[in-house]
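*Asks:* All chains, full assembly: derive it from the sequences and hints.
Residue numbers (the working numbering): 805 to 1072.
One or more hints might be untrue.
Under the rule of at most 20 Å between Cα atoms (straight-line distance), these lysine to aspartate or glutamate pairs were calculated in the DMTMM-like manner [to be verified]: (1) Lys837 with Asp891; (2) Lys837 with Glu862; (3) Lys837 with Glu921.
Label pairs and their calculated CB-CB ranges [claimed, not checked]: (4) Ala924 with Arg1049: 17 to 23 Å; (5) Thr1053 with Gly831: 48 to 54 Å; (6) Cys1050 with Gly824: 49 to 55 Å; (7) Glu921 with Ser835: 20 to 26 Å; (8) Arg1072 with Arg953: 14 to 20 Å; (9) Gly846 with Arg1072: 54 to 60 Å; (10) Asp891 with Glu942: 38 to 44 Å; (11) Gly903 with Arg1048: 27 to 33 Å; (12) Gly923 with Ser835: 23 to 29 Å; (13) Gly903 with Arg992: 52 to 58 Å; (14) Gly903 with Arg1056: 46 to 52 Å; (15) Arg816 with Leu928: 21 to 27 Å.
Think of the hints as simulated: they come from the structure by calculation, not from any bench.
Just so you know, even glycine gets a beta-carbon here, dropped at the ideal spot from N, CA and C.
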Amino acid sequence: MPELPEVETIRRRLAEELPGRSVRSCGAHASEKFRPAATVRGARFAAVRRRGKYLLVELHDGRDLVVHLGMTGSLGFLPTGDTVPADPYVRAWWELDDGRTLRFRDVRRFGRLAVVERGAYDGLPTLAALGPEPFDEELTAAGFHAALRGTRARLKTAVLGQRVIAGVGNIYADEAFWRAGVNPAARRLGRPGAERLLDALRAVLQEGIEHGGTTLRDYRDADGGSGTNQHRLDCYGRGGLPCRRCGGTLRRRVLDGRSTVSCPTCQR
DNA sequence: CGGGGTTCCTGGCCGC
DNA sequence: TGCGGCCAGGAACCCC
805 MPELPEVETI RRRLAEELPG RSVRSCGAHA SEKFRPAATV RGARFAAVRR RGKYLLVELH
865 DGRDLVVHLG MTGSLGFLPT GDTVPADPYV RAWWELDDGR TLRFRDVRRF GRLAVVERGA
925 YDGLPTLAAL GPEPFDEELT AAGFHAALRG TRARLKTAVL GQRVIAGVGN IYADEAFWRA
985 GVNPAARRLG RPGAERLLDA LRAVLQEGIE HGGTTLRDYR DADGGSGTNQ HRLDCYGRGG
1045 LPCRRCGGTL RRRVLDGRST VSCPTCQR
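*Replies:* Take a look at the structure:
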């Protein structure tokens, strides 16, 4: 499940390869979620940017190819077999003018591709209303605290909502709440807790980037490789196992429809 | 307008 | 062994 660190890992690789390359030919799955990818034939790639979990591949004609990887999406110069049957999960492809082919692969089809005039994100409401980037220095503890006070949702649900802060998904949310000692089910948070939570979010996201992302099952980088951050998780996926801080037993439950692991002792 | 529920998808896993 | 049933979960969408 690609979150900010996984998308950023892919972005950095594509930013080395795509600018200046043009699309010789392309194609896409018939679904409306992928079909727009086939409208960029002849276009030339410019900068590769990221907002939250969205990749924004700029085109020289003023449009953006917007990519959301969903649950199982991967994007890059993925391994292919010339002698084996075609990969049935490639939902879109772009043959470049250097002969290589960029591919979007997505088993569960929760991903999405769009081509829009730069900045015209009205068809992508989450992107249009996206909150601040975690590493934006204009995002302060005071601002983060105020944003959390502005919603009545559970803290974890608010953090996952992309409006308070961009790019956080279920894995890094559980890690950050655990590290900050904040109860994800709570609806209110004091100023010190908000400060700890923002610091923890930044830390776990930064570490995720440094370790090439978290590969639990599906995530692959732009070259088809795995990340290594899965070996460093303290909380996500560890329900029933001992808390590495207090030794108590981590609890797994479903909060607002999302699997959540937390420590009943450390996270009040 | 915001909170909450539903839906989209399919491989992997569990239990009998 | 084979198979039905269930689970994962981000964001669009709908309703109140």
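*Asks:* All the hints need checking, so say for each whether the structure fits it.
*Replies:* Results of checking the hints against the structure:
With a CA separation close to 19 Å, the supplied pair Lys837 and Asp891 stays within the 20 Å bound. Annotation: proposed proximity of Lys837 to Glu862 holds, straight-line Cα distance about 19 Å (limit 20 Å). Only pairs whose Cα atoms come within 20 Å are accepted, and Lys837 paired with Glu921 is accepted, the gap being roughly 17 Å. With their beta carbons about 46 Å apart, Ala924 and Arg1049 fall outside the hinted range of 17 to 23 Å.
Roughly 50 Å separates the CB atoms of Thr1053 and Gly831, a value that falls within the hinted 48 to 54 Å. Remark: the range hint 49 to 55 Å for Cys1050 to Gly824 is upheld by a beta-carbon distance near 53 Å. The hinted range of 20 to 26 Å is satisfied by Glu921 and Ser835, whose Cβ atoms lie roughly 22 Å apart. In this structure, Arg1072 and Arg953 meet the distance hint of 14 to 20 Å, their C-beta atoms being roughly 19 Å apart.
Look at Gly846 against Arg1072: about 58 Å separates their beta carbons, and that is inside 54 to 60 Å. Checked against the hint of 38 to 44 Å, the C-beta distance between Asp891 and Glu942 comes to roughly 42 Å, which is consistent with it. Hint check: Gly903 to Arg1048, Cβ distance near 48 Å, so the stated range 27 to 33 Å is violated. With their beta carbons about 25 Å apart, Gly923 and Ser835 fall inside the hinted range of 23 to 29 Å.
Between Gly903 and Arg992 the CB atoms are about 57 Å apart, so this pair conforms to the stated range of 52 to 58 Å. Distance hint check: the CB atoms of Gly903 and Arg1056 are about 48 Å apart, consistent with the given range 46 to 52 Å. Look at Arg816 against Leu928: about 22 Å separates their beta carbons, and that is inside 21 to 27 Å.
Comparing the model with each numbered hint stated earlier shows that hints 4 and 11 do not hold.
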